[in-house]
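J.: Residues per chain, in single letters:
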Amino acid sequence: MRRSACLATLLCLGATGAAPAGPQALGAASSAEDGQWTMPGKNYSATRYSGLAQINARNARGLRPVWTFSTGVLTGHEGQPLVVGDTMYVVTPWPNVLYAFDLSKEGYPLRWKYRPDVSQNALGVACCDAVNRGAFYSDGVVVYNLLDGHTVAVDARSGRELWKTAIADMGSGETVTMAPLVVGDRVIVGASGGEFGIYGWLKGLDLKTGQVVWTGHNMGPDADMLIHPETFKAPYPVGPDEGARSWGNDSWKTGGGPVWGWLSYDPQLDLVYYGTGNAAPYNTEQRPGDNKWTASVLARRPATGELVWAYQFTPHDGWDYDSTGAMVLADLTIAGKPTHVLVHFDKNGFAYTLDRATGKVLVAAPFAPVNWAKAVDLASGRPLVDPTKETGVSKGNVKGICPCLEGGVSPNSPPAYSPRTHLFYTSTNNLCMDYETGRVSYLRGTPFMGINSPYTSGPGGYMGSFIAWDAVRGRKVWEDKERYPNWSGALVTGGDVAFYGTLDGYFKAVDARSGAQLSKFKVGSGVVGNPITFRAPDGRQYVAVYAGIGGDWSLIAGDTRSDDPRDVRLPADFMKDIARHTSQGGMIWVFGL
Amino acid sequence: MRAAALGSAAVVAAAVLAACARTAAPPAASANAPPPAIAYESHLAAGGMRPAGGTLSNPHTGDAAVARNGALLFTTMNCDGCHGTDGSGFVAPNLGAGRWRYGGADAEVFASIYYGRPKGMPAFGGALGSEGVWTLVTYLRSLPVPNDLPTESWEQP
Chain A
500 MRRSACLATL LCLGATGAAP AGPQALGAAS SAEDGQWTMP GKNYSATRYS
550 GLAQINARNA RGLRPVWTFS TGVLTGHEGQ PLVVGDTMYV VTPWPNVLYA
600 FDLSKEGYPL RWKYRPDVSQ NALGVACCDA VNRGAFYSDG VVVYNLLDGH
650 TVAVDARSGR ELWKTAIADM GSGETVTMAP LVVGDRVIVG ASGGEFGIYG
700 WLKGLDLKTG QVVWTGHNMG PDADMLIHPE TFKAPYPVGP DEGARSWGND
750 SWKTGGGPVW GWLSYDPQLD LVYYGTGNAA PYNTEQRPGD NKWTASVLAR
800 RPATGELVWA YQFTPHDGWD YDSTGAMVLA DLTIAGKPTH VLVHFDKNGF
850 AYTLDRATGK VLVAAPFAPV NWAKAVDLAS GRPLVDPTKE TGVSKGNVKG
900 ICPCLEGGVS PNSPPAYSPR THLFYTSTNN LCMDYETGRV SYLRGTPFMG
950 INSPYTSGPG GYMGSFIAWD AVRGRKVWED KERYPNWSGA LVTGGDVAFY
1000 GTLDGYFKAV DARSGAQLSK FKVGSGVVGN PITFRAPDGR QYVAVYAGIG
1050 GDWSLIAGDT RSDDPRDVRL PADFMKDIAR HTSQGGMIWV FGL
Chain B
14 MRAAALGSAA VVAAAVLAAC ARTAAPPAAS ANAPPPAIAY ESHLAAGGMR
64 PAGGTLSNPH TGDAAVARNG ALLFTTMNCD GCHGTDGSGF VAPNLGAGRW
114 RYGGADAEVF ASIYYGRPKG MPAFGGALGS EGVWTLVTYL RSLPVPNDLP
164 TESWEQP
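In order, the protein sequences belong to chains A and B. So the first sequence is numbered by the working numbering: it starts at 500 and just counts up by one. So the second sequence is numbered by the working numbering: it starts at 14 and just counts up by one.
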């Protein structure tokens, strides 16, 4: 407890400017832009906003590729590079090589590369491609996760391994794809495995030694969840041990609740925010109850892991609506009052604006076509579910549910927020699905799913878009429609330019205020990564993004044939022609003027 | 233009075939067949040695009733979670496309299921025993293999 308060004080000092600007300085609130990109979401608020403005809405038409590098890896290139000082760090999908490029030299030669030994068994345990969502830089150390369930810390200057800790158990279906978050001396990590019936958790490691300091489960009895009944305060009150009592038949023990998305942190409140994934198995009737706290946002103390509050977006998830998407922290004026909010675009198709001190829902509105629920009741925080869209083995094949289980947006595709336009920017999917579940038996280390869920294109004849969102009013400001599901993260800059990539392989710059397209370039493969921007040692601003289709779409662009029913790997059959426009191939692209 | 390109491709193909014929055909005088260790086409276990206990052969080859049981087992053991409904492929390979990462002979498919494979295929032998694994093999071998896989075209013929 004392330690936690001390940590908060230190970070508060940093935020008020008493500490020199550096990688630990907080981007969203700080006015000085250092031109680096040291953590996945750019800053603790995860805004993916950079103040750099050399590239702006007037000159972005002149963007052109200036450097590329093949990673030699064919699986999905999610995540983003880091830029610290004059070095760019890139983590590849499995086998999780870490490259350090020297940005001060022509051609960006490597300073070093770090090649850990990662079990290839992980390829068969990862549900949805061998992805990695990136590294985190803190205090001279690059920290990231290996697919086979390890966290490693690497000296940022020499590339030497400082420590390597086993955090996850592949034998029970756990792999690790998420990017860690470092707060003070804690490295915070979680595991994938919602499709394997894991007992989902978040862990805090010591940055110096790699030792696991705490483990907080995402469901189960209060003790396992690190809930102290006297201090835990859910915005919509629950009883003790709700994480176990809201699961019939003790089903919480294999209930999923993975952590494979993004973490953010508020130093004033000293809270780490993260979303949990789907409940397992997909057949809801094997787990009666709300299944807390899957498909939820949880707020924990970084030092101790203590759970302070939790809010469930999708109770009794029957649609694979993970809530692992980013929790973006911003200060907005709501009903005339400056409010510290958390904004989250959920797979379930609603965008939520929460009070991030309490978890109370302030605004909830659909940002993509939604029909599983009519609205979110602000008094109870619960969605008003359409009973005809409820799923389960006794319901048979439930048709025409929107969004599909890829989500109104993929949690893999984090949004951006500009404090200049006060708008959020996100990719979306416009897809619907049929949903038929089967009764499944838990067999440790094998999939615990039981689902057949073909997709269809949503209303309007397009399958994705890039939108600007007003989180105060809960409405779309503009929308750039895309032919295919849009699967990249967003970036927005002080030059009022927003950037994203498309599944058919275009990298685009658009005017952040109007959505008007400023430039586009066809990169080597579909984009499922997240653009970043940085100022290089030459003083110029660049934008970097990975190409390399994969993740859930790995299945349509590899050694398969997209038009043959026997050779189509779900879920590709609704957009067979994507294979005409892109194929596998991981590459880093850097653009400049 | 297109015809010319096809023509030159045919010439190249013929040359390659001729080259293969020259190198692949052993001299008639030689009685030395290639040693079994390099018999790539059959992916024999253990450098050409059959597994101890004799040749593996499927006791249920072509038995439709066993294949139906295998289909049930395929779901019950959560195989479909990775290999897709009806083995049509998901994050793990398609098992009905007629293309096999570790060989498609009965004994090879048996070995893959019984002992597991290094890219994440668990070993099911302990859970299923030989009879269970052969039941799965019988099912997988019953899947119809498409005959037009190599080409995918988006142009109108």
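Derived by calculation from the structure, the hints in this document are not laboratory data. Some hints could be false.
Claimed, not checked - Dumping the calculated BS3-like pairs for lysine-lysine here, alpha-carbon to alpha-carbon at most 30 Å:
(1) B/132 with A/604
(2) A/1019 with A/888
(3) A/873 with B/132
(4) A/836 with A/859
(5) A/732 with A/663
(6) A/707 with A/888
(7) A/752 with A/836
(8) B/132 with A/894
(9) A/980 with A/898
(10) B/132 with A/888
(11) A/663 with A/707
(12) A/898 with A/873
J.: Of the hints stated earlier, which fail here?
T.: Violated hints: 1, 2, 3, 5, 6, 7, 8, 10; rest satisfied.
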